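J.: As you go down the protein sequences, you meet chains W and G in turn.
Under numbering that gives the first Met the number 0, the final residue of the first sequence carries the number 68; numbering is consecutive throughout.
Under numbering that gives the first Met the number 0, the final residue of the second sequence carries the number 386; numbering is consecutive throughout.
Just so you know, these hints were derived from the structure itself, not from any lab.
All values derive from a computational prediction rather than experimental measurement.
Please note: incorrect hints may appear among the correct ones.
[As the list claims (entries may be wrong)] Chain G is faced by these chain W residues, among others (derived, beta-carbon under 10 Å): (1) K1; (2) K16; (3) T35; (4) V50; (5) A54; (6) R67.
Think of the CB as a built atom: it goes at the ideal place given N, C-alpha and C, for glycine as much as any other residue.
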Amino acid sequence: MKLSARNVLKGRVIEVKKGATTAHVRIEVAGGAVITSSITNEAVEELRLAVGDEAYAVIKASDVMVARD
Amino acid sequence: MAALDSPWLDPRAAGVTSALALSVVRVDYGGVNVLTVDDLAVRRGEILAVIGPNGSGKSTLLRIMALLERPASGEIRWDGRPVDASDGLDVRRRMAVVFQQPLLADMTAAENIGLGLRFRGVTTADRQTRVARWLDRFGISALADRRAATLSGGEAQRVALARALVLDPELLLLDEPFSGLDQPSRASLIPDLAAILRDDGVTTVLVTHDRAEAQALGDRVAVLIAGRLRQLDETAAVFRSPVSEDVARFVGVETIVTGKVTAVDHGIAVIDVAGRALEIVATARVGDTVRVGIRPEDVTLMPPRESAATTSARNRLTGHVVQVRATTPHVYVVVDCGFALVSAVTLRSVTELGLAPGVPVIAVFKASAPHLFREQRGEGTGQGRTT
């Protein structure tokens with residue numbers, strides 16, 4: 000996938016939880032880290048997202064916070 | 000220093016959570032009101048960033064907080080007690096102010112840092128220990144014996160900050176502390192200062208015209224425009240949900256366009272902007288005319304040959320690049336997709352996607368990204384709508 004977002008992380012959908020407007024989709028990426036995404040219910044349907052599917056978490060560099068202990 | 004131990008000065012005893020609080024403070028210059036602050040409290044341990052354009056009253060506010068200037072009216076409370084400029088040294092010695100002031104050029108870096116301690120009668124041995132510690136914390140131990148006049152701008156500012164922090168101030172007031180510095184010096188000093196202020200929980204007010212500094216350092220942000228406090232909230236909230244268009248523009252919302260609500264379904268409004276149907280998470284009514292703000296950081300670009308259906312983002316607008324504007328840390332790419340939409344991308348993305356004027360792209364943003372303004376102008380709190 001070619002796009003301007005710097006972080007495109009391949010993983011597997013482990014949960015899709017629909018709400019009134021938005022759905023929370025959890026994607027497990029390499030190393031076991033889990034990324035939670037909030038997207039519209041329509042997007043879940045359009046992408047036909049289901050648990051076990053391969054998917055990418057796409058994050059713009061400007062959205063990534065850095066923290067230290 | 001003995002005065003600091005007086006029992007009535009202990010803020011915790013009275014349950015006061017703000018270090019300094021302003022209520023209905025007005026400042027007039029030559030009969031003209033330049034600053035009005037109804038209510039502003041600096042919470043203990045927080046970094047409060049005060050941002051606004053030049054001439055918005057930021058430095059005046061800082062001088063009022065530092066008790067260097069007396070307001071025409073209003074009250075300033077320190078630890079819950081009303082104070083004014085006549086309280087003088089007692090209170091002022093518990094604050095430290097860093098203006099864009101030069102160091103004493105003929106003294107060494109270490110002597111500059113120890114100056115305030117000397118004025119306070121701290122013994123030489125104690126002074127040396129504390130100065131050495133702060134030289135180390137700012138990574139300038141090697142410069143201890145250098146004359147201040149020979150220091151670079153970034154080094155001198157580290158000395159100035161160490162000189163303030165060595166006094167263990169209960170309130171640190173910073174007036175544009177990075178504005179005279181070159182980009183590499185700023186980029187290294189900001190995270191270093193942030194780490195020190197957070198580790199020590201120093202109550203800090205940072206005045207800056209630079210929103211990136213406020214974003215990097217502020218726990219909360221106060222937006223001052225034309226002498227009025229327009230918004231005061233957690234940093235992320237101010238940048239995500241500015242209360243009005245002028246605040247939005249100041250915090251970097253580059254795209255603000257007019258649209259008409261054509262449908263509302265399950266919390267998603269469909270808004271027609273220049274013939275393009277945008278899907279936006281918002282409460283709105285069909286037929287409403289609204290103003291839509293979109294932050295450049297929320298817009299991703301992709302080449303048109305990528306299938307637009309491959310992302311969850313609800314808005315995918317075809318268009319072409321009309322301008323590529325290099326700033327730091329982003330490059331702003333203006334896309335004409337019926338209206339001018341600004342996207343912030345990295346320089347690497349510009350190169351990899353070959354972004355240049357005339358190049359066709361798809362601009363992508365989530366339904367949750369745009370922000371609707373209830374009013375076209377004004378304070379942003381009323382229900383009124385200008386048409």
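J.: State for each hint whether it applies.
T.: Against the structure, the hints:
| no. | hint | result |
| --- | --- | --- |
| 1 | K1 | holds (6 Å) |
| 2 | K16 | violated (14 Å) |
| 3 | T35 | violated (13 Å) |
| 4 | V50 | violated (16 Å) |
| 5 | A54 | holds (9 Å) |
| 6 | R67 | holds (8 Å) |
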